[in-house]
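**Q** Letter by letter, the chains look like this.
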Amino acid sequence: MDNPENVLIIGSGVAGMEASLMLSKAGKKVYLVENLPIIGGKIIKNEESFPNMDCSTCLVAPIQQEILQDANIEVLTLSTVEKVTGKQGDFKVTVRKKARYVNLEACLGCGMCYPVCPVVLKNEWEENLMDKKAVYVPCSGSLPNVPVVDASECLFLNGKDKSCNKCVEACMFGAMDFSQKDEELKLDVTGIIVATGFELFNVQELENLGYGKYPGVYTAFEFERLFASNGPTEGKLFLRDSEKTPDSVAIVHCVGRDEVGYCSNICCMSSSKHARFIKHNLHDAKIYNIYSDICLTDKSYQKFYDETKSHDSEFIFQSDRKKMNISKKDGKLEVSYFNGKETKESILVEMVILANALRPSDTIEELSKTLEIKRDSFGFIEIEPSKIGSVETSRPGIFVAGCAEGPKDIQGSVIQSEAAVAEILSMLDR
Amino acid sequence: MSEKIGIYVCECGPNIASKVDIEKIMDEISKLEDFKDKELVIKNHKLLCSNEGKEFLEKEINENKLTHLVCAACSPRDHDTTFINVCKKTQLNPYLYRIVNIREHCAWIIPDKEEATRKAIQYIHAGMNRVLYQDSLFEKELDSNPDVLVIGGGIAGMEAALNLAGEKRKVFLIEKEENLSGKAVFLPEQKISDVQKNKNIKVFTKTVLDKLIGFMGNFEVVLKSTENPDETTELLAGAVVVATGYEFFDSKKLPEFEFEDKDDVINSLEAERMFSENKKITLKNGKEPKTVTLVHCVGRKEVGFCSKICCDYMLKISNYLKEQSSSIKITHLIKYLNLPYKNSQNFYNKIKEKGVEFIRYSDLSVNGTKVEYTDINDKKGKLESDLVILAPAMIASKGSQELAELLNIDLHETGYFQEVHQKINPVSSTTDGIFIIGSARGPANIIDAMQQAKAATGKIFTQLIPGEKIIPEVMVSEILEAYCTGCQTCLQVCGYDAIYFDDERGISVVNEAVCRGCGNCVGSCPSGSIRTKHFTNPQLYQEVKEAIR
Ligand SMILES: Cc1cc2nc3c(=O)[nH]c(=O)nc-3n(C[C@H](O)[C@H](O)[C@H](O)COP(=O)(O)OP(=O)(O)OC[C@H]3O[C@@H](n4cnc5c(N)ncnc54)[C@H](O)[C@@H]3O)c2cc1C
Ligand SMILES: Cc1cc2nc3c(=O)[nH]c(=O)nc-3n(C[C@H](O)[C@H](O)[C@H](O)COP(=O)(O)OP(=O)(O)OC[C@H]3O[C@@H](n4cnc5c(N)ncnc54)[C@H](O)[C@@H]3O)c2cc1C
Ligand code: SF4
Ligand code: SF4
Ligand code: SF4
Ligand code: SF4
Ligand code: SF4
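As given, the protein sequences belong to chains X and B, one line each in that order. Just so we're aligned, residue 1 is where the first sequence starts under my numbering, counting upward by one. Just so we're aligned, residue 431 is where the second sequence starts under my numbering, counting upward by one.
Okay, chain X solo, but in the shape it has when bound (with noise of 0.2 Å):
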């Protein structure tokens, strides 16, 4: 072994920057894998965070400097580990780096490149609420500042305009490198944390709730965007491809948790923020948090709810998930939903929020076959049933934090990748 004190972290949201710092600071080589071209997880989607309303940018982008910064963390970004071999101590892993086509040191951000690029997409990122051009960051105060080209899209990448290099001339520091190759790296590391987060649940299955069908019905990710200020409509709560603002708007709690299977531990706070946000932004708005059960997992989380439901929202109870409805009637929704006398009744809203519940992170089948680790019934990687406590996977020397193993909020994500940095540390130490 070259170096025997090399950890690799799979996923670069709040459990895998903390466990990454904390690594660093102990002395180690950190491989940070992340497959998007930017660090920072899901939390940068959210303008403010629950229950301090902190901005979200104030509490992470100096964490994410810190990261870029930081000499003995190698940021991989647009990377996927593909193979790994060996037993804890010793891991041998291939990763895949994709090219980005733009040079990450020459490059200052200035975003002189994406103006002139004539190819015009939907930016996933942004919940596709908003285009992108085919060389794009996917949102202002991206970390690394650096646009990626998308290679299937790009006119000349993808062969259907060889002469297009518009990107190429715009950049007056000739960042743009199209020689750049997807390559394969090969690492030694001594340990593994899968830090890879979760998803949202796909709620076009569930047709009884509109979504797709009526514009306006949001995701929660949907929502988290347009309350954001470096989002698609700077903050500003316009209906979808409109410039109105809702006059009523319903939030929908736990949508998914009968099809997943278990609470999502953090939506009834999420949705509480909504509230509250829309309140503070359309002071004359009705709101409505429609729910069947609150879930509160911090000493702190009560009194949040307690006053949004005071101040900012009325609370309707539903006794029966699956038989909410959502319609159209007279120009506005039609919230219908069984009350707990158990008898039907509705609401008109011009918006909903749908709270839909978290799930295993797409990539984690295909990276739990890679690293040989077991997942629970939901999907998620489990913990070792006999390490009660530990953090640690059922292969010995890879550990797992935050979300990947389950619903939690930040600092539920922050304690678990806390705790594997104690267990690599203590493993080494052996």
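Among these hints, one or two may not hold up.
Cross-link-like lysine-lysine pairs, in silico, DSSO-like; alpha carbons within 27 Å at most [unchecked claim]: (1) B/Lys598 - X/Lys387; (2) X/Lys323 - B/Lys809; (3) X/Lys341 - B/Lys784; (4) B/Lys780 - X/Lys374; (5) B/Lys810 - X/Lys309; (6) X/Lys323 - B/Lys780; (7) B/Lys683 - X/Lys303; (8) B/Lys809 - X/Lys341; (9) B/Lys746 - X/Lys387; (10) X/Lys323 - B/Lys765; (11) B/Lys784 - X/Lys323; (12) B/Lys629 - X/Lys387; (13) X/Lys279 - X/Lys236; (14) B/Lys434 - B/Lys468; (15) X/Lys25 - B/Lys518; (16) X/Lys25 - B/Lys598; (17) B/Lys782 - X/Lys323; (18) B/Lys683 - X/Lys387; (19) X/Lys279 - B/Lys731; (20) B/Lys600 - X/Lys25; (21) X/Lys341 - B/Lys765; (22) B/Lys519 - X/Lys387; (23) B/Lys899 - X/Lys25; (24) B/Lys809 - X/Lys344; (25) X/Lys286 - X/Lys344; (26) X/Lys29 - B/Lys519; (27) B/Lys800 - X/Lys341; (28) B/Lys765 - X/Lys303; (29) X/Lys25 - B/Lys627; (30) B/Lys600 - X/Lys387.
Label-pair ranges, simulated between beta-carbon atoms [what the hints assert, rightly or not]: (31) X/Glu207 - B/Asp624: 32 to 38 Å; (32) X/Asp131 - B/Pro541: 27 to 33 Å; (33) X/Lys186 - B/Asp624: 36 to 42 Å; (34) B/Ile978 - X/Glu243: 39 to 45 Å; (35) X/Met53 - B/Asn494: 47 to 53 Å; (36) X/Ser179 - B/Ile514: 31 to 37 Å; (37) B/Ser432 - X/Met172: 39 to 45 Å; (38) X/Glu207 - B/Lys682: 49 to 55 Å; (39) X/Glu207 - B/Ser755: 41 to 47 Å.
Quick caveat, the hints were computed from the structure, so don't treat them as lab data. All figures in this text were calculated on a predicted structure; none of them were measured in a lab. Even glycine gets a Cβ: it sits at the ideal position worked out from N, Cα and C.
Once you've looked at the hints, dock chain B with the ligands against the given chain X.
**A** Showing chain B with the ligands alone in chain X's frame:
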């Protein structure tokens, strides 16, 4: 040695170069009246922060033997540390360098090039003024003690001790009761004996903390026996882990809860212990109950928070009862069902299939084993059962307030210990080197408590490495002995308790290892006897007088 100031103007590609007149800046700076007798080296560079730029800067500092450095570039948020790191490679003390932001403050916000240029010159001039008044500062290294004091011998404290203890790190585990174990009924096997067998853990039972002074890496600890307060032990530790657990809210305090000890009204922990000892939950007369009411959220409104774990364990108790006899009629009176753990929902579905009933109440009263309630539809109901099991709210354990004062850490408004940052630093207290875990930090189950113990271990492993020195902040405050009148105003404003009063000399003194250089004390001192290094009055005056001219 005469001063030789290097002034380097970064073009930041076109970012700065296209918005201000670089040549003019350099020319005017070279002609400044008040720097006529100083030697100046003035140069521009396309991109100072690039590798090539950093090498250029390093060479310039060395070859010109600069005594002071001003970089006119971007925001210090972006590249202050970049240039500090360049200085560190050279003979130049990094505190004799100053960054001036001519990008965000000039180029990017002033459309008129001439005006932007003028302001850039003024700002650079201000920076030059300041840098001449800056002093070299030197990082100090302090020895640190890697050992850890763990307070509380429940599952959280024991797990922390086991993870932390090693050849190079001793752990002192103190427990106020006679035995280790805490309140968890089903402890993971062998925890207690593992702790007792570990030669790097020293256990003190019937012991509490008496006094703690110092700072991370160097705490002086005094312990005292609960039996004989005169019996004290002194020791040194580098970090402290607080794991003092929870306590039940006293249900009898609630006016609507009327019951006596002879009634078959018990709390969840009593039920749990009974089951663990006899594999049965029975009535006071030894018989098995046929009907049981489980009341959730007892005292929740009064304490102001949800205890997070009681819904989960109440389902577990329900399951014990059903296993004991499938014909037991069980009713849960719930407010909400809080099931944050991923396996709980399936468990709940299973319990429901066994015929257990759930009623959502808005109000209720307990009179012996008679429970009257109003449900969420305002319907009134009454349950008369053989046994009532209460889930009282979990509150911070007795003595948390005193302990917080001894340790100089904050309490949350719920009475639990407070994190320094709830979101991104969740097991660290408001004082460096002191950590909060388990149900002392907030409601937690065993797994939460153990993972938090590991999290604190991770923090200690990375902050307090055996044999490594700690480097305290150098931009700290100092109190000038000659001016201090001993009024002690500064002691009140320091949020870090970094100032102490020296009785002998009658003056206040800053503990440099604890001070963070926040500057609070400077403004508070009526005699103007405090200064923060690198932010002294002359430094600020020299800079500001030019910047606002
Ligand atoms: C609508 C909504 C609002 C929320 N609001 C709050 C809030 O206000 N406060 C709060 O405390 N919590 C909030 N949360 C929860 C919070 O988002 C999570 O706790 C947090 O993001 C979890 O961090 P993580 O690091 O575990 O995962 P993530 O943030 O999901 O990060 C995982 C990272 O791993 C990457 N990745 C995935 N697969 C791979 C792979 N195979 N290879 C390489 N990289 C991979 C992903 O691209 C991502 O960058 C909210 C959640 C939702 C859904
Ligand atoms: C009815 C019930 C059932 C439960 N069932 C489960 C379950 O099935 N699964 C599960 O995971 N969790 C369960 N729990 C939760 C579990 O009991 C807690 O997670 C666990 O006890 C928390 O451990 P701790 O170490 O944080 O605190 P504690 O167990 O409270 O330990 C704290 C220790 O610190 C000592 N101490 C306090 N103050 C001081 C001081 N000043 N100086 C020195 N020592 C001090 C105390 O004497 C005690 O020994 C249940 C809880 C209850 C109430
Ligand atoms: S080469 Fe043309 S299509 Fe491709 S990214 Fe650049 S501007 Fe866009
Ligand atoms: S134009 Fe060049 S320097 Fe500017 S963002 Fe694009 S690639 Fe980076
Ligand atoms: S956290 Fe709340 S909204 Fe989310 S699944 Fe659980 S109970 Fe439903
Ligand atoms: S966990 Fe359940 S019983 Fe406990 S306070 Fe919360 S809602 Fe009530
Ligand atoms: S500068 Fe701040 S931390 Fe330092 S002694 Fe003064 S008030 Fe305390």
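**Q** Now tell me if each hint is right for this structure.
**A** Verification of the hints:
Simply put, B/Lys598 and X/Lys387 have alpha-carbon atoms about 25 Å apart, close enough for the 27 Å limit, and the pair holds. A C-alpha spacing of about 23 Å is found between X/Lys323 and B/Lys809, which places the hinted pair at or below 27 Å, so the restraint holds. Proposed proximity of X/Lys341 and B/Lys784 is supported: the alpha carbons are some 23 Å apart, at most 27 Å. With a CA separation close to 24 Å, the supplied pair B/Lys780 and X/Lys374 stays within the 27 Å bound.
Of the supplied pair hints, the one linking B/Lys810 and X/Lys309 holds, its CA atoms being roughly 24 Å apart against a limit of 27 Å. With a C-alpha separation of about 22 Å, the suggested pair X/Lys323 and B/Lys780 falls inside the 27 Å cut-off, and the hint holds. In summary, the hint linking B/Lys683 to X/Lys303 is supported, as the alpha carbons are separated by about 22 Å, within the 27 Å threshold. At most 27 Å may separate the alpha-carbon atoms for a hinted pair to count; B/Lys809 and X/Lys341 meet this at roughly 10 Å.
With a CA separation close to 21 Å, the supplied pair B/Lys746 and X/Lys387 stays within the 27 Å bound. For the hint pairing X/Lys323 with B/Lys765, the CA-to-CA distance comes to about 22 Å; that is within 27 Å, so the pair holds. A C-alpha spacing of about 24 Å is found between B/Lys784 and X/Lys323, which places the hinted pair at or below 27 Å, so the restraint holds. Our distance criterion of 27 Å between C-alpha atoms is met by B/Lys629 and X/Lys387, whose separation comes to about 23 Å.
Restraint check for X/Lys279 and X/Lys236: the C-alpha separation of about 13 Å stays at or below 27 Å, so the hint holds. As the CA atoms of B/Lys434 and B/Lys468 are separated by approximately 7 Å, the hinted pair is consistent with the 27 Å bound. For the hint pairing X/Lys25 with B/Lys518, the CA-to-CA distance comes to about 19 Å; that is within 27 Å, so the pair holds. Between X/Lys25 and B/Lys598 the CA atoms are separated by roughly 19 Å; this keeps the pair inside 27 Å, and the hint holds.
Our distance criterion of 27 Å between C-alpha atoms is met by B/Lys782 and X/Lys323, whose separation comes to about 19 Å. Between B/Lys683 and X/Lys387 the alpha-carbon distance is near 40 Å, which puts this suggested pair outside the 27 Å criterion. Of the supplied pair hints, the one linking X/Lys279 and B/Lys731 holds, its CA atoms being roughly 25 Å apart against a limit of 27 Å. At most 27 Å may separate the alpha-carbon atoms for a hinted pair to count; B/Lys600 and X/Lys25 meet this at roughly 22 Å.
In summary, the hint linking X/Lys341 to B/Lys765 is supported, as the alpha carbons are separated by about 16 Å, within the 27 Å threshold. Under the criterion of a C-alpha separation no larger than 27 Å, the hint pairing B/Lys519 with X/Lys387 is inconsistent with the structure, at around 47 Å. Restraint check: the Cα-Cα separation between B/Lys899 and X/Lys25 comes to about 13 Å, which is no more than 27 Å; the hinted pair holds. Only pairs whose Cα atoms come within 27 Å are accepted, and B/Lys809 paired with X/Lys344 is accepted, the gap being roughly 18 Å.
For the hint linking X/Lys286 to X/Lys344, the alpha-carbon distance of about 20 Å falls within 27 Å, and the restraint holds. Between X/Lys29 and B/Lys519 the alpha-carbon distance is near 22 Å, which keeps this suggested pair within the 27 Å criterion. Only pairs whose Cα atoms come within 27 Å are accepted, and B/Lys800 paired with X/Lys341 is accepted, the gap being roughly 25 Å. Straight-line distance between C-alpha atoms of B/Lys765 and X/Lys303 comes to about 16 Å, which keeps the hinted pair within the 27 Å bound.
A C-alpha spacing of about 32 Å is found between X/Lys25 and B/Lys627, which places the hinted pair above 27 Å, so the restraint is violated. Restraint check: the Cα-Cα separation between B/Lys600 and X/Lys387 comes to about 24 Å, which is no more than 27 Å; the hinted pair holds. Hint check: X/Glu207 to B/Asp624, Cβ distance near 54 Å, so the stated range 32 to 38 Å is violated. Between X/Asp131 and B/Pro541 the C-beta distance comes to about 28 Å, which sits within the given range of 27 to 33 Å.
Between X/Lys186 and B/Asp624 the C-beta distance comes to about 39 Å, which sits within the given range of 36 to 42 Å. For the pair B/Ile978 and X/Glu243, the supplied restraint of 39 to 45 Å holds, since their beta-carbon distance comes to about 42 Å. X/Met53 and B/Asn494 have their C-beta atoms about 50 Å apart, which keeps the hinted 47 to 53 Å range intact. Distance hint check for X/Ser179 and B/Ile514: the Cβ-Cβ separation is about 35 Å, which falls inside the suggested range of 31 to 37 Å.
Hint check: B/Ser432 to X/Met172, Cβ distance near 40 Å, so the stated range 39 to 45 Å holds. For X/Glu207 and B/Lys682, the Cβ-Cβ distance of about 52 Å falls inside the hinted range of 49 to 55 Å, so the restraint holds. Judged by the Cβ atoms, the range 41 to 47 Å given for X/Glu207 and B/Ser755 holds: they are separated by roughly 44 Å.
The structure fails hints 18, 22, 29 and 31 (numbered hints given earlier, in ascending order).
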